[in-house]
Amino acid sequence: MQQFLICLPNPQNATFFPKNGTMASERYNAREVEPRWQEYWSAQKLFETPAGPGDGRQNYYVLEMFP
1 MQQFLICLPN PQNATFFPKN GTMASERYNA REVEPRWQEY WSAQKLFETP AGPGDGRQNY
61 YVLEMFP
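Going left to right, the sequence shown walks through residues 1 to 67 as this note's numbering numbers them.
You may find that some hints are simply not true.
Stated by the list, open to error - Computed spacing ranges between beta-carbons, pair by pair: (1) Y28 x D55: 37 to 47 angstroms; (2) G56 x Y28: 25 to 35 angstroms; (3) R36 x L63: 47 to 57 angstroms; (4) Y61 x E32: 30 to 40 angstroms; (5) M65 x W41: 40 to 50 angstroms; (6) P67 x N29: 32 to 42 angstroms; (7) V62 x E34: 39 to 49 angstroms; (8) F47 x S25: 30 to 40 angstroms; (9) Y28 x N59: 32 to 42 angstroms; (10) V62 x M23: 43 to 53 angstroms; (11) G56 x R27: 50 to 60 angstroms; (12) L63 x W41: 37 to 47 angstroms; (13) Y61 x A30: 37 to 47 angstroms; (14) E64 x E34: 42 to 52 angstroms.
Think of the hints as simulated: they come from the structure by calculation, not from any bench.
For each residue, glycine too, the CB sits at the ideal point set by N, CA and C.
Produce the entire structure from the sequences given, and follow the hints as far as they go.
And the structure:
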């Protein structure tokens, strides 16, 4: 028999909301920030995977479906 543990967040203990209603002093400017990060990611090859050893296996992908 399998047993599962379900954990639900407790909003009273949430730490992802700013305290006292504080907000960032500046608005996020995607046109300014994103090109710099994309250039960095490209230079560091962060989204590239090394070629496999050529063992003849077919490529595949997996989609994880969240509730």
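Outcome of the hint check:
1. Look at Y28 against D55: about 44 angstroms separates their beta carbons, and that is inside 37 to 47 angstroms.
2. Checking the proposed 25 to 35 angstroms range against G56 and Y28 shows it is violated: the Cβ atoms sit about 46 angstroms from each other.
3. Look at R36 against L63: about 30 angstroms separates their beta carbons, and that is not inside 47 to 57 angstroms.
4. About 33 angstroms separates the C-beta atoms of Y61 and E32, a value consistent with the hinted range of 30 to 40 angstroms.
5. For the pair M65 and W41, the beta carbons lie near 26 angstroms from each other, so the given range of 40 to 50 angstroms is not met.
6. With their beta carbons about 34 angstroms apart, P67 and N29 fall inside the hinted range of 32 to 42 angstroms.
7. At roughly 28 angstroms, the beta carbons of V62 and E34 sit outside the given window of 39 to 49 angstroms.
8. For F47 and S25, the hinted distance range of 30 to 40 angstroms is satisfied, since their beta carbons lie about 31 angstroms from each other.
9. Checked against the hint of 32 to 42 angstroms, the C-beta distance between Y28 and N59 comes to roughly 36 angstroms, which is consistent with it.
10. With their beta carbons about 38 angstroms apart, V62 and M23 fall outside the hinted range of 43 to 53 angstroms.
11. Evaluation of the 50 to 60 angstroms hint for G56 and R27 yields a pass: the beta carbon distance comes to about 52 angstroms.
12. Distance hint for L63 and W41: a CB-CB separation of about 23 angstroms, inconsistent with the stated range 37 to 47 angstroms.
13. One distance hint, 37 to 47 angstroms for the beta-carbon pair Y61 and A30, is violated here, with the actual separation near 28 angstroms.
14. About 26 angstroms separates the C-beta atoms of E64 and E34, a value inconsistent with the hinted range of 42 to 52 angstroms.
Comparing the model with each numbered hint stated earlier shows that hints 2, 3, 5, 7, 10, 12, 13 and 14 do not hold.
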